[in-house]
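Could you put the whole structure together from the sequences, leaning on the hints where they help?
Protein chains: 2
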Amino acid sequence: MNEVVGTELLFKCENFQKTGAFKARGAVNVVMQLSSDIEFVVTHSSGNHGAAIAWATSLREMKSFVVVPTDASPFKRRNMERYGATLVDCGQELESRESVLEEFLRQHEATFIHPYDDARIVAGQGTVTMELLESERNLDQIWVPVGGGGLASGAILAANGNVEVVCAEPELAKDAYLSMRSGYRQPPQPPVTIADGLRSSLGELNFGILKEAKTRIALATEDSIKRAVGLVFEMMKVVIEPSAAVVVAAMLDNPSYVAKRVGVILSGGNIPYPS
Amino acid sequence: MNEVVGTELLFKCENFQKTGAFKARGAVNVVMQLSSDIEFVVTHSSGNHGAAIAWATSLREMKSFVVVPTDASPFKRRNMERYGATLVDCGQELESRESVLEEFLRQHEATFIHPYDDARIVAGQGTVTMELLESERNLDQIWVPVGGGGLASGAILAANGNVEVVCAEPELAKDAYLSMRSGYRQPPQPPVTIADGLRSSLGELNFGILKEAKTRIALATEDSIKRAVGLVFEMMKVVIEPSAAVVVAAMLDNPSYVAKRVGVILSGGNIPYPS
Numbered sequence: 045m046n047e048v049v050g051t052e053l054l055f056k057c058e059n060f061q062k063t064g065a066f067k068a069r070g071a072v073n074v075v076m077q078l079s080s081d082i083e084f085v086v087t088h089s090s091g092n093h094g095a096a097i098a099w100a101t102s103l104r105e106m107k108s109f110v111v112v113p114t115d116a117s118p119f120k121r122r123n124m125e126r127y128g129a130t131l132v133d134c135g136q137e138l139e140s141r142e143s144v145l146e147e148f149l150r151q152h153e154a155t156f157i158h159p160y161d162d163a164r165i166v167a168g169q170g171t172v173t174m175e176l177l178e179s180e181r182n183l184d185q186i187w188v189p190v191g192g193g194g195l196a197s198g199a200i201l202a203a204n205g206n207v208e209v210v211c212a213e214p215e216l217a218k219d220a221y222l223s224m225r226s227g228y229r230q231p232p233q234p235p236v237t238i239a240d241g242l243r244s245s246l247g248e249l250n251f252g253i254l255k256e257a258k259t260r261i262a263l264a265t266e267d268s269i270k271r272a273v274g275l276v277f278e279m280m281k282v283v284i285e286p287s288a289a290v291v292v293a294a295m296l297d298n299p300s301y302v303a304k305r306v307g308v309i310l311s312g313g314n315i316p317y318p319s
Numbered sequence: 045m046n047e048v049v050g051t052e053l054l055f056k057c058e059n060f061q062k063t064g065a066f067k068a069r070g071a072v073n074v075v076m077q078l079s080s081d082i083e084f085v086v087t088h089s090s091g092n093h094g095a096a097i098a099w100a101t102s103l104r105e106m107k108s109f110v111v112v113p114t115d116a117s118p119f120k121r122r123n124m125e126r127y128g129a130t131l132v133d134c135g136q137e138l139e140s141r142e143s144v145l146e147e148f149l150r151q152h153e154a155t156f157i158h159p160y161d162d163a164r165i166v167a168g169q170g171t172v173t174m175e176l177l178e179s180e181r182n183l184d185q186i187w188v189p190v191g192g193g194g195l196a197s198g199a200i201l202a203a204n205g206n207v208e209v210v211c212a213e214p215e216l217a218k219d220a221y222l223s224m225r226s227g228y229r230q231p232p233q234p235p236v237t238i239a240d241g242l243r244s245s246l247g248e249l250n251f252g253i254l255k256e257a258k259t260r261i262a263l264a265t266e267d268s269i270k271r272a273v274g275l276v277f278e279m280m281k282v283v284i285e286p287s288a289a290v291v292v293a294a295m296l297d298n299p300s301y302v303a304k305r306v307g308v309i310l311s312g313g314n315i316p317y318p319s
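So the protein lines, in turn, are chains Z and C.
Residue 57 in the working numbering sits at position 13 of the first sequence; the count goes up by one each step and never skips.
Residue 101 in the working numbering sits at position 57 of the second sequence; the count goes up by one each step and never skips.
Be aware that one or more of the hints could be misleading.
Chain copies aren't distinguished; within one or between two, either way the pair holds.
As the list claims (entries may be wrong) - Pairs of lysine-lysine, DSSO-like flavour, derived with a Cα cap of 27 Å:
id, residue 1, residue 2
1, 270, 62
2, 107, 270
3, 107, 258
4, 304, 107
5, 218, 270
6, 304, 270
7, 304, 62
8, 218, 255
Bear in mind the hints are in silico, worked out from the structure with no lab data behind them.
A quick note: this is a predicted structure, and the numbers were derived from the prediction, not measured.
Spelled out as structure tokens, the structure:
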């Protein structure tokens, strides 16, 4: 992979994390801080945050509900259910997700945990980068995928200006790219990228952190994302999902952005075996 | 995976090894012992041993030739070539492999390295189990795949009677199973199993070591082998080839053989991304 990308890469494999993605970190950080009289937790998710909340709440014997878009990956649905979540279907649009969530909260006494626009989530996701920086002291850069921005803003806070954090985003979901260029938070794009975990748009808190750090956004085409999944499979024997492959893809699509010794956060690996 | 198999599993991931399989160990152990005036090395292989010899010889600036059956995996052919091997085609049968090899040795001054029936190879492959036993002190069993028997006999020597070594073999290539039952080394079966690295029959040296240790052979069906590749992919986010998956499959097919705390050697991961 060093030869393919043309630089020295060090991978942080959050696909090996509990529930198959970094999301376990933020979820456990929030859930462990909840008051013990809370019985029900609700969130919305395309899959990975939902599974993380399901796992974290199961550790405290709370029940979890996840509002899930109809086009969510069946594999991720099963993953959420395996960790104990009850799924609540909504449509594909942001508005339908929000209205279903509001309706749920009207009818149930449940605590809502936002998937990324929450300081406790950002702090939890930041531990990925803290661990990477603890084990590798001479990194020039850290690359992370950006969707809602929990992982990315956590990385920026953990790097604390000592190491540049570059965010990778699908060309077909480039709201973070447009937000950074315009200086204003842009709405999500239609959910067409195969990187299903990156379809949401930057959270408010997260955008503030990215903006303050003048974060560079590197875009990746869908073809490069697919190619990167295969490259990491064949050369590293490691399973990553498209939302994680975006980082490798963006390095291939933007070689001039890549520094000499790069930490690469592989965010998750929740895909079915292709057959 | 512990829940699926019903026991505590500790994996030794030789798919992450250089060249994508444990074979790098035996190859480097032999090649580093060769006299420095040797220029050419030849072996036969369905792919992983060939890539390992190619890599090891490249470290000493020797040239490698690999006699490869026509039905070898195109992915493994590319892998051998990537590490610098020159491939020499032969038919699918053992006789054709041997005659092509003999012809090659008549025409070239090259040193032949047998893929498994060689004490230096066995010693090299034994380091997999040595490392596993160094890092995990309380194992009840170690499971390894068996083809020619290099990895298996190395494991038995390394375990030295302190931990049972169970060998996993495809039902469709059960020459080791038949050899252990009959007490006599059986010929290879036709090359029909998808576990392409396990189609060869036990070496003489290797069989002697397995026989001495009264090694148990656990068989796995083709369906279980395929299922195990998918299970390890989906649950562990790790890419293993069918010859490695045989171990997980044999545990699923023979639950009564499985002890409480089991070391599992995942032998390799050289398969293309299925698409």
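Verification of the hints:
Taking the closest pair of Cα atoms, residue 270 and residue 62 come within 27 Å of each other both inside a single copy (24 Å) and across two copies (25 Å). Taking the shortest alpha-carbon separations for residue 107 and residue 270, neither the intra-copy value of 36 Å nor the inter-copy value of 35 Å comes in at or below 27 Å. In this homomeric assembly, residue 107 and residue 258 never come within 27 Å of each other (Cα to Cα): the closest approach is 39 Å inside a single copy and 51 Å across copies. Neither within a single protomer nor between protomers do residue 304 and residue 107 lie at most 27 Å apart by alpha-carbon distance, with minima of 46 Å and 32 Å respectively.
Proximity of residue 218 and residue 270 under a CA criterion of 27 Å is satisfied intra-copy only: 17 Å inside one chain copy versus 38 Å between copies. With identical chains, the CA atoms of residue 304 and residue 270 are at most 27 Å apart within one copy only, with a shortest distance of 25 Å there and 40 Å across copies. For the homomeric pair residue 304 and residue 62, the shortest alpha-carbon distance between copies (23 Å) is at most 27 Å, but the shortest distance inside one copy (31 Å) is not. Proximity of residue 218 and residue 255 under a CA criterion of 27 Å is satisfied intra-copy only: 15 Å inside one chain copy versus 63 Å between copies.
Of the hints listed earlier, those the structure fails to meet are numbers 2, 3 and 4, in rising order.
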